[in-house]
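**Student:** Spelled out from the first residue to the last, the chains are:
Number of protein chains: 2
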Amino acid sequence: MKKRYIKLNNLTVFCRQIFQSYGFSTEQSELITQVLLTADCFGIESHGVQRLMRYHDEITRGMVLVNAQAEIVYETPLSAVIDANQAMGQLIADKAMRLAIRKAENSGIGLVAVRNSNHYGIAGYYTRMASEHDLIGISMTNTEAIMVPTFGCQAMLGTNPIALAMPADPVPFLFDAATTVVTRGKIEVLHKQGKDLPVGWAIDGQGDVTPDAGLVLDNIIQKGKGGILPLGGAGETNGGHKGYGLALICELLTGIMAGGPTANHLSSVAQQAQTSHCFWAVDYGLFGSKAERRSSFSRYLQELRDSARALDCPRIYTHGEKELENSRKVEAEGVPINEKTYEELCLIARERAVDLCSIQLQ
Amino acid sequence: MKKRYIKLNNLTVFCRQIFQSYGFSTEQSELITQVLLTADCFGIESHGVQRLMRYHDEITRGMVLVNAQAEIVYETPLSAVIDANQAMGQLIADKAMRLAIRKAENSGIGLVAVRNSNHYGIAGYYTRMASEHDLIGISMTNTEAIMVPTFGCQAMLGTNPIALAMPADPVPFLFDAATTVVTRGKIEVLHKQGKDLPVGWAIDGQGDVTPDAGLVLDNIIQKGKGGILPLGGAGETNGGHKGYGLALICELLTGIMAGGPTANHLSSVAQQAQTSHCFWAVDYGLFGSKAERRSSFSRYLQELRDSARALDCPRIYTHGEKELENSRKVEAEGVPINEKTYEELCLIARERAVDLCSIQLQ
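For the protein sequence lines, the chains are H and B, in the order given.
Just so you know, the first sequence maps onto residues 1 to 362 in our numbering.
Just so you know, the second sequence maps onto residues 1 to 362 in our numbering.
Chain H extracted, bound-state conformation:
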């Protein structure tokens, strides 16, 4: 698919103006933009600026409340539960992780759960905040149901990413992975390209593995049967019950602990924002010398990168390296935007009366 490249700075200015046009403050607009564009920098196109249309839709029909007043509904020195009251996901997620970090710095650990929120972008943005404070950061979110349980054919769990960040040198460890085999975004990409799905990604309404991307997407949208398989695939042979269990842990630590609904009761077309997240920060000084732990972990990551490669595989990565390299590339070359996304940006700009010139250049 043809791509155009827009300078990161120009796209930043543009997105900030769009968010300001809804009534978000300059600071809030900057933060939402940073989360969005960090996804593009990391090479996670599905969670980047191509989501602007979804946010535009959710903000204009009132699922996201621009002036939402989130409130802490339960708190201890180690923990808090926040009711986001339909706030923009990125804004409340940033606040919640800051609170977890403050608690970890004061008490050793901070566990914060959030309910009644919206889509918050990439989980890894928030865990990286903790690692920049020299803490272990953990974040998860539930989403509307998209994953079938093992032996099931009805989507009952979300994409349910698990993210964990730990400081390391020269590159932090930034793990951020959906507990499905793949995200819905990757299925959409293959669908647009007219390609079949690889075996083991998704099932049809009977529960049979299917290569038909269009069918899977239709079923998800229409809340029909079928869905994306858990990490490990269909049945138990290759560990599908493990991915299912990890997704269930995500529901436990987000929806259940926050007092919000689980994935199977969420709907993106409802007016009510009911997504739940969790944000944990752990001071790893709880286990002794931080310098020693950080250096032994950095050494291990290097040993992994230096270990013997499989034939025809040029390189072994540790998690976070690809993201850093892609960020450098994006800063040099611009953000790759496909034509459909570009058209959406133009449409939103017209609706919001925002000047397109910053993204028309280049």
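Possibly wrong hints are sitting among the right ones.
Pairs count within a copy or across copies, as identical chains cannot be separated in the list.
[What the hints assert, rightly or not] Taking lysine to any residue pairs in the SDA-like style, the calculated list, with each CA pair at most 25 Å apart, reads:
1. 192 x 342
2. 95 x 21
3. 225 x 199
4. 192 x 105
5. 290 x 75
6. 223 x 309
7. 95 x 285
8. 2 x 237
9. 186 x 235
10. 186 x 199
11. 225 x 307
12. 223 x 28
13. 322 x 26
14. 290 x 77
15. 290 x 343
None of these hints come from the bench; they were simulated from the model.
Position chain B relative to chain H; hints supplied.
**Tutor:** Okay, now just chain B, sitting in the frame of chain H:
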């Protein structure tokens, strides 16, 4: 393969006598036996009484020290690091989880890391202890290297299970899964049966997926190249990098945080016990009403079990159900023991001068 069935009580008496013969106290012998036989009850044969030969070997050659004096080397109100000083894994793991539970009951959370330990049996035994105290329990352990990183062909990470337990009604949620596609035990079973490995379980020394169970086991034993693949399989198409990342998280929270070596520096043939574990207990009252959270989680588990089944799949499980059902079966029918394991038990009994009659009956 032919199996004989031994009454659970008889096998309990037998194992206890064996462990007492090495010099463990009655109480210690009972505990080790309980961990071992819980694996058999749960249907995890690989971690049950068939491991007795391995323990016998490790105890008699001094890798496990019967009179080891473990010591707490670092402690805060929320955390501790324990040097096991080559203790029997089950004994120090029980102590460590009890300490984590005590800290969680006093302070809301308890994070305990252990180094210089031995194989500790099933991770799920210890997380269940926490759930029996109405806490969330988490446990992980590293093991000698058996898993290759994505794009690698050298085993650099352990089987590295992640276990999490949460109280629920009528059945607790007991998740306990290796971050490899499968455990070495399952490959051994297929090898004994002369069967090929399913596609996507393991790779040879070049990094190519192989169905040859014997080759994979030989490579592991001889520390040659090749190994078992991470959950998600080879490459990134079906999420192999996710299983690899989860295993890395396990190394971080065990070996790195405990101040012990990572999997690639562990060897079961060395005289020095250097396995690391972690034990976390979290009072989920940190998030508000425990009764509400427990009941909403129980309801969700029931919704999963009741959701639409794939064609020809009679049932959807939640994690912990199969284990409970298998326990009832074992209590009624006895522990299934294959002939090879039975011969090993007889050999150990002769060496330790323990009467075989309890396991010869039935």
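**Student:** If a hint holds in the structure, say so; if it does not, say that too.
**Tutor:** To see whether the hints hold, each was checked on the structure:
no.: 1; hint: 192 x 342; in the structure: within (15 Å within a copy, 58 Å between copies)
no.: 2; hint: 95 x 21; in the structure: within (22 Å within a copy, 59 Å between copies)
no.: 3; hint: 225 x 199; in the structure: within (18 Å within a copy, 28 Å between copies)
no.: 4; hint: 192 x 105; in the structure: neither (46 Å within a copy, 53 Å between copies)
no.: 5; hint: 290 x 75; in the structure: between (28 Å within a copy, 14 Å between copies)
no.: 6; hint: 223 x 309; in the structure: between (43 Å within a copy, 15 Å between copies)
no.: 7; hint: 95 x 285; in the structure: both (23 Å within a copy, 22 Å between copies)
no.: 8; hint: 2 x 237; in the structure: between (39 Å within a copy, 23 Å between copies)
no.: 9; hint: 186 x 235; in the structure: both (22 Å within a copy, 16 Å between copies)
no.: 10; hint: 186 x 199; in the structure: both (14 Å within a copy, 23 Å between copies)
no.: 11; hint: 225 x 307; in the structure: between (43 Å within a copy, 10 Å between copies)
no.: 12; hint: 223 x 28; in the structure: neither (34 Å within a copy, 54 Å between copies)
no.: 13; hint: 322 x 26; in the structure: neither (31 Å within a copy, 54 Å between copies)
no.: 14; hint: 290 x 77; in the structure: both (22 Å within a copy, 18 Å between copies)
no.: 15; hint: 290 x 343; in the structure: neither (49 Å within a copy, 49 Å between copies)
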